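Line by line, the protein sequences give chains S and A.
Position 10, counted from 1, in the first sequence is what this note's numbering calls -1; the numbers after and before it change by one each time, with no gaps.
Position 274, counted from 1, in the second sequence is what this note's numbering calls 263; the numbers after and before it change by one each time, with no gaps.
Any given hint might turn out to be false.
One copy or two, it doesn't matter: identical chains are merged, so the pair holds either way.
As the list claims (entries may be wrong) - As a list, the in silico EDC-like pairs of lysine to aspartate or glutamate whose alpha-carbon atoms are at most 16 angstroms apart:
#	residue 1	residue 2
1	K331	D308
2	K298	D286
3	K133	D43
4	K67	E146
5	K105	E183
6	K105	E82
7	K105	E129
8	K401	E309
9	K331	D302
Derived from the structure by calculation, the hints contain no laboratory data.
Note that the coordinates shown come from a computational prediction; the quantities given were computed from them, not determined experimentally.
Chain residues, written in single-letter form:
There are 2 protein chains.
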Amino acid sequence: MTAEIISIGDELLIGQVVNTNASWLAQQLHALGISIHRVLAISDNPDEIRTALDDAFSRSDLILMTGGLGPTRDDITKHALCEYFGVGLVIHEPTLAWLRKFFASRGWQLNETNRKQAEVPANCEPIPNHNGTAPGMWFEKNGKIMISMPGVPFEMEAMMENHILPRISSRNDSHYVAHQTIQTYGAGESYLMELIRDWEDALPANFRLAYLPQPGMVRLRISAYGKSRESAMEQIDRQIEALQGIIPEIIFGYDQDTLEEVVGKLLRQNNKTLSTAESCTGGYLAHLVTSVPGSSDYYFGSVIAYDNKIKHDLLGVSDESLRNFGAVSQQVVREMAEAARKRFGTDFALATSGVAGPAGGTPEKPVGLVWIALATPEITLTSRSMFGEHRGRNIRRSALEALNMLRLYLLKDL
Amino acid sequence: MTAEIISIGDELLIGQVVNTNASWLAQQLHALGISIHRVLAISDNPDEIRTALDDAFSRSDLILMTGGLGPTRDDITKHALCEYFGVGLVIHEPTLAWLRKFFASRGWQLNETNRKQAEVPANCEPIPNHNGTAPGMWFEKNGKIMISMPGVPFEMEAMMENHILPRISSRNDSHYVAHQTIQTYGAGESYLMELIRDWEDALPANFRLAYLPQPGMVRLRISAYGKSRESAMEQIDRQIEALQGIIPEIIFGYDQDTLEEVVGKLLRQNNKTLSTAESCTGGYLAHLVTSVPGSSDYYFGSVIAYDNKIKHDLLGVSDESLRNFGAVSQQVVREMAEAARKRFGTDFALATSGVAGPAGGTPEKPVGLVWIALATPEITLTSRSMFGEHRGRNIRRSALEALNMLRLYLLKDL
Chain S
-10 MTAEIISIGD ELLIGQVVNT NASWLAQQLH ALGISIHRVL AISDNPDEIR
40 TALDDAFSRS DLILMTGGLG PTRDDITKHA LCEYFGVGLV IHEPTLAWLR
90 KFFASRGWQL NETNRKQAEV PANCEPIPNH NGTAPGMWFE KNGKIMISMP
140 GVPFEMEAMM ENHILPRISS RNDSHYVAHQ TIQTYGAGES YLMELIRDWE
190 DALPANFRLA YLPQPGMVRL RISAYGKSRE SAMEQIDRQI EALQGIIPEI
240 IFGYDQDTLE EVVGKLLRQN NKTLSTAESC TGGYLAHLVT SVPGSSDYYF
290 GSVIAYDNKI KHDLLGVSDE SLRNFGAVSQ QVVREMAEAA RKRFGTDFAL
340 ATSGVAGPAG GTPEKPVGLV WIALATPEIT LTSRSMFGEH RGRNIRRSAL
390 EALNMLRLYL LKDL
Chain A
-10 MTAEIISIGD ELLIGQVVNT NASWLAQQLH ALGISIHRVL AISDNPDEIR
40 TALDDAFSRS DLILMTGGLG PTRDDITKHA LCEYFGVGLV IHEPTLAWLR
90 KFFASRGWQL NETNRKQAEV PANCEPIPNH NGTAPGMWFE KNGKIMISMP
140 GVPFEMEAMM ENHILPRISS RNDSHYVAHQ TIQTYGAGES YLMELIRDWE
190 DALPANFRLA YLPQPGMVRL RISAYGKSRE SAMEQIDRQI EALQGIIPEI
240 IFGYDQDTLE EVVGKLLRQN NKTLSTAESC TGGYLAHLVT SVPGSSDYYF
290 GSVIAYDNKI KHDLLGVSDE SLRNFGAVSQ QVVREMAEAA RKRFGTDFAL
340 ATSGVAGPAG GTPEKPVGLV WIALATPEIT LTSRSMFGEH RGRNIRRSAL
390 EALNMLRLYL LKDL
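So here's chain S without its partners, still in its complex pose (with noise of 0.2 angstroms):
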């Protein structure tokens, strides 16, 4: 089975909202096993919906459609649909009927835009929408399937979840090709490339290795075709078991794993306690260790000393450290980290403290220099980063490299 992707929204073609619908559909399409050809955006206008819907009929046996079904009257796709398939608007008593209660419960009034929400072109299977007021539609045109879903993320994602996906899954039979992704930190890409390239040499004809950099990190994406799903996925096992002898400390995890869910596993495997202590980072180090579900158990807190009073005040940080060396050195950064530790009583802290950008910087400390530390019940390490000009990429790689150190120490030193 060949998929394509269309979606609709003007705000898409000024570049004002980012295409995240997309690669969530794409995602979970291939993890059916389904390719996706094309990703298509278009705008709210009847004639682009009708060119992209003749060019991907005649292409694929799939075709996913997000955006243009909200109540406001920049809203065109239903009506383009109807254009489209020679059919007219129908009410769709259930989903009227489920209008109704969204509203009530809310306590508002059914106005006659809401209700027009309930109405479908007469050849469509409408799909519910629990989290919203436009339903889905599914059509089927010469054995081909189109979706047509609403923009919204979380209620596209939902009915896709709850009502499309699976009805997909059984309908599909295509040949299978396997994909892992490998997440890697601490090697840029030409650099990666040099330390696997006997490895990748190696790798049999079936294969396919793609390098996906980020800031600070790498993504290598490793594919095989085979006969069945389970055969290329044992092949691609195989592979990644001899590349793991290679770069061991370089792979941080598979998949959609983040740095912060595996250093919260490990945290948890050891039943050890973290806090942190930021400067440069302003909270996103904190952010991105809250970010994953039940941090709570590992996780007590943060002091973010911006302002180097409370570096001073809150932290304990010495009035001659900040004097004789400044706030972004070795000596205030190990303060900071150890100071974290005793206050909140934790195994581990870890501090940042550097020159995020744009303006700050110095000769003796530019814009992008960063110093890291962790404390530990043992020792407090410290490194030293020079990174780019960029302020919001400076704040993530510092919050990356702080979480890679703990990484490191959590694997080897436990």
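Here the structure of chain S is known, so what remains is to put chain A in place on it, guided by the hints.
Below, chain A alone, put in the same frame as chain S:
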């Protein structure tokens, strides 16, 4: 001038990477008054690239292509373009010189893989890449422009800003459409629509209005077609002035304004300072505040009291309040805000305490319940919100709600 965007990379089609490049490019072209027809993502496949180029050249004057120019072996765009234009690869000496300098400055050896980055199709004009190793490529065919750029966002962005946008701008002579985005907080899509219905109904025929909902916010995009950008923009300004009279508190900014920037500006203008005390937002509120360059001028820091003991030890929340009312309560969040204000010595302090989920909910305090407090020199305000079930969204909405509380206070009471 009409344009389209072609993004190349299997990672886009399996949903591993979100196509932020496309939205950034669309924004930039849009700002020049160039309309984008389509954004297309296709795989690293020469046939797909050829078909997409043929289609795009038949429709548009300008084609921006990203991806597939890295040094690793899965990147095939350059070879596909040679085939498409029927030319060979040639060494571009200035690029080779730049590569030597780039590698030497980092103390690295220039290897054979990197040297290949200096090869470009014979018919293109190379575009310098000051942030990486792969140059961009400018092609012309029958008066139409096609530009191929690396997929790494900051390399592509610098290339666009420094070299490509100025040249495109000087060649563009299309008709004019002006847009303005209005950022709102505090009213859902349907409710906002009711509030501004009369105003919307009275918009002139050359206007268009789009609702772009996000968790907690709705952006309104207003567009007007006109003889010149100036006349269209003037008409928009008049309409926005009228709208401000209808929903003055709900509009918090325009275009790319964020709540954290707006709050930062208000604090700076009033010469006031801020600290935070976070529980359920776990550092995300501090992160939003400190993501604004220069925020250290008005933001002193935060205590992230994820653990109840920390709420007591570092913030001095009373054991009685924690015992009698629980951490997620009006009493505790109030004490947190007041303690932060005092300990950090700031004019204002914001505090959050809630059940982010997915676990931890009870019948009395379900997932999504969030208390927020704002301590000011005069009074401490509190608010209770009931968000949803999604951890990430609850964290974000809580932080936004806190920022908006401070924004409204700064607007009204100072």
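Structure-based check of all given hints:
In the homo-oligomer, the alpha carbons of K331 and D308 never lie at most 16 angstroms apart, since the shortest distance is 19 angstroms inside one protomer and 21 angstroms across protomers. For the homomeric pair K298 and D286, the shortest alpha-carbon distance between copies (13 angstroms) is at most 16 angstroms, but the shortest distance inside one copy (31 angstroms) is not. Taking the shortest alpha-carbon separations for K133 and D43, only the intra-copy value of 12 angstroms comes in at or below 16 angstroms, while the best inter-copy value is 26 angstroms. When the C-alpha separation of K67 and E146 is checked against a cutoff of 16 angstroms, the pair qualifies neither within a copy, at 19 angstroms, nor between copies, at 36 angstroms.
Taking CA atoms no more than 16 angstroms apart as the test, K105 paired with E183 passes between copies only; the shortest distance there is 15 angstroms, against 60 angstroms inside one copy. Taking the closest pair of Cα atoms, K105 and E82 come within 16 angstroms of each other only inside a single copy of the chain (12 angstroms); across copies the shortest separation is 63 angstroms, beyond that limit. When the C-alpha separation of K105 and E129 is checked against a cutoff of 16 angstroms, the pair qualifies neither within a copy, at 23 angstroms, nor between copies, at 49 angstroms. For a Cα distance limit of 16 angstroms, the shortest separation of K401 from E309 qualifies neither inside one copy, at 34 angstroms, nor across copies, at 43 angstroms.
In this homomeric assembly, K331 and D302 come within 16 angstroms of each other (Cα to Cα) both inside a single copy, at 15 angstroms, and across copies, at 12 angstroms.
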